[in-house]
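Peer 1: Using the hints, position chain B against chain A.
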Amino acid sequence: MGAADAEVAAGEAAAVVGADPGDRFGIGWRDRLAAGIFTHLDEIDAVEVIAENCVGASTRQLRSLRALGREVPLLVHGVGLGAASVSPVDPGHLDRVARVVEALEPCAWSEHLSFVRSGGYEIGHLAAPPRCAATIEGTARNLRKLRDAVGVRPAIENIATLMAPPGSSMDEPSWVQAITTATASPLLLDLHNLYANAVNFGHEPFAYLRRFPLDAVEVVHISGGIWMECEGSAPDQSYRRLLDDHLHDVPDPVFLMLEVLGEFCPRSLTVILERDGRFPSMAVLLHQLRRARAAMAVGRRRRLAVGSAHELDAA
Amino acid sequence: MNSMRLETFLARLFVDSDFRENFLRDPRRVVEEHGLDGAEQESALAIDRPGLLLTARSIAAKRNNREVRAGAFQRARRMWRRFGKF
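As you go down the protein sequences, you meet chains A and B in turn.
According to this note's numbering, the stretch in the first sequence is residues 1 to 315, in order.
According to this note's numbering, the stretch in the second sequence is residues 1 to 86, in order.
In isolation and in its complexed conformation, chain A is listed as follows (with noise of 0.2 Å):
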């Protein structure tokens, strides 16, 4: 037995001892892990769908995801609004995400910090734009339209970047905990883009970690990435960025991050396992969720040791 295995049989051994009944493990839909997803629902507690994926959908695919919705929570994912930005959302890709909400009753929903458009140029992925005092107007006012749109606020998730966003006066924490505030939006913490971030902009991932606003927390990604090289200006010069790629499987210390979460998250957690590509068994992917229960028991547990001294610091 590795070491990994023997960590996550402790932590299922341990599970029933202080972990949160609330909390739930699941995954991403994706049409390849269709199978998989129906043939492990004892182990699946919740499946996240992509709002973007189900525009268009027939009325029996959706009836079919809607019927899943039957047997496991599900949640909708929106990617392509971009209501990160000072340009206003597009009120006709909000109209179909606020359909497929409609048609799927999810129990939650949630779109990304970024902008994907501006000035007639669609980017086509998600884009950190600059964190000033200015795109937390522009993102507030595109919450407010988003809840109008479906009824009920969004959970907002941090993205991964590459580059360090131009036009910034604040960091990225402090910009997130701003947004949160400003909006009373639940969070959506995306573990490996924070930790990408941290590395590749020199913070101590840990650190980082616990500058985000963790009381809003209330749904959580997990996922790998691949380290991208590029030459610098001068000739021996290189320089490595670690990129969120959903290709790659989880590494370890966002494991750990779970832990600091199930220890210093006050809501019960919804934990998602994102794989985009390059899919290994559903085996492996099964194995990657009982590490992540494992590693919220043991912070559950922490929590549990020393709760009231955290609440006592809070206070």
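The set of hints was computed from the structure by calculation and includes no laboratory data.
Glycine is no exception: its CB is placed at the ideal position from the N, C-alpha and C atoms.
Taking lysine to aspartate or glutamate and the DMTMM-like style, the derived pairs with C-alpha atoms no more than 20 Å apart in a straight line are:
{"#": "1", "chain 1": "A", "residue 1": "Lys145", "chain 2": "A", "residue 2": "Asp95"}
{"#": "2", "chain 1": "B", "residue 1": "Lys62", "chain 2": "A", "residue 2": "Asp245"}
{"#": "3", "chain 1": "B", "residue 1": "Lys62", "chain 2": "A", "residue 2": "Glu122"}
Listed next, with one range per pair, are the computed distances between beta-carbon atoms:
{"#": "4", "chain 1": "B", "residue 1": "Asp16", "chain 2": "A", "residue 2": "Leu62", "range": "34 to 42 Å"}
{"#": "5", "chain 1": "A", "residue 1": "His40", "chain 2": "B", "residue 2": "Arg28", "range": "53 to 61 Å"}
{"#": "6", "chain 1": "B", "residue 1": "Lys62", "chain 2": "A", "residue 2": "His40", "range": "26 to 34 Å"}
{"#": "7", "chain 1": "B", "residue 1": "Ala60", "chain 2": "A", "residue 2": "Asp215", "range": "36 to 44 Å"}
{"#": "8", "chain 1": "B", "residue 1": "Arg49", "chain 2": "A", "residue 2": "Arg99", "range": "36 to 44 Å"}
{"#": "9", "chain 1": "A", "residue 1": "Ser169", "chain 2": "B", "residue 2": "Pro27", "range": "17 to 25 Å"}
{"#": "10", "chain 1": "A", "residue 1": "Asp42", "chain 2": "B", "residue 2": "Arg63", "range": "35 to 43 Å"}
{"#": "11", "chain 1": "B", "residue 1": "Asp16", "chain 2": "A", "residue 2": "Ala305", "range": "53 to 61 Å"}
{"#": "12", "chain 1": "A", "residue 1": "Leu304", "chain 2": "B", "residue 2": "Ser17", "range": "49 to 57 Å"}
{"#": "13", "chain 1": "B", "residue 1": "Arg57", "chain 2": "A", "residue 2": "Asp90", "range": "25 to 33 Å"}
{"#": "14", "chain 1": "B", "residue 1": "Asn64", "chain 2": "A", "residue 2": "Pro253", "range": "27 to 35 Å"}
Peer 2: Leaving out everything else, chain B in the frame of chain A:
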């Protein structure tokens, strides 16, 4: 500082390779031509160049993957229309 102008400038840097190459070759001229004001120009000139290059590469790869998938889908549809009724 006008964040919308800066967001548009960034979006164009990410997706327009000629614009990006011109910027990397002669940044001052490009930021002036784009109509950025003093503070915006300053932040654009101090841009994280390795990060910009990696971001552009990552975005291009994603867009390319999507186009390849869309192309395969269209080819499959054409094949189905042509032969699917047999």
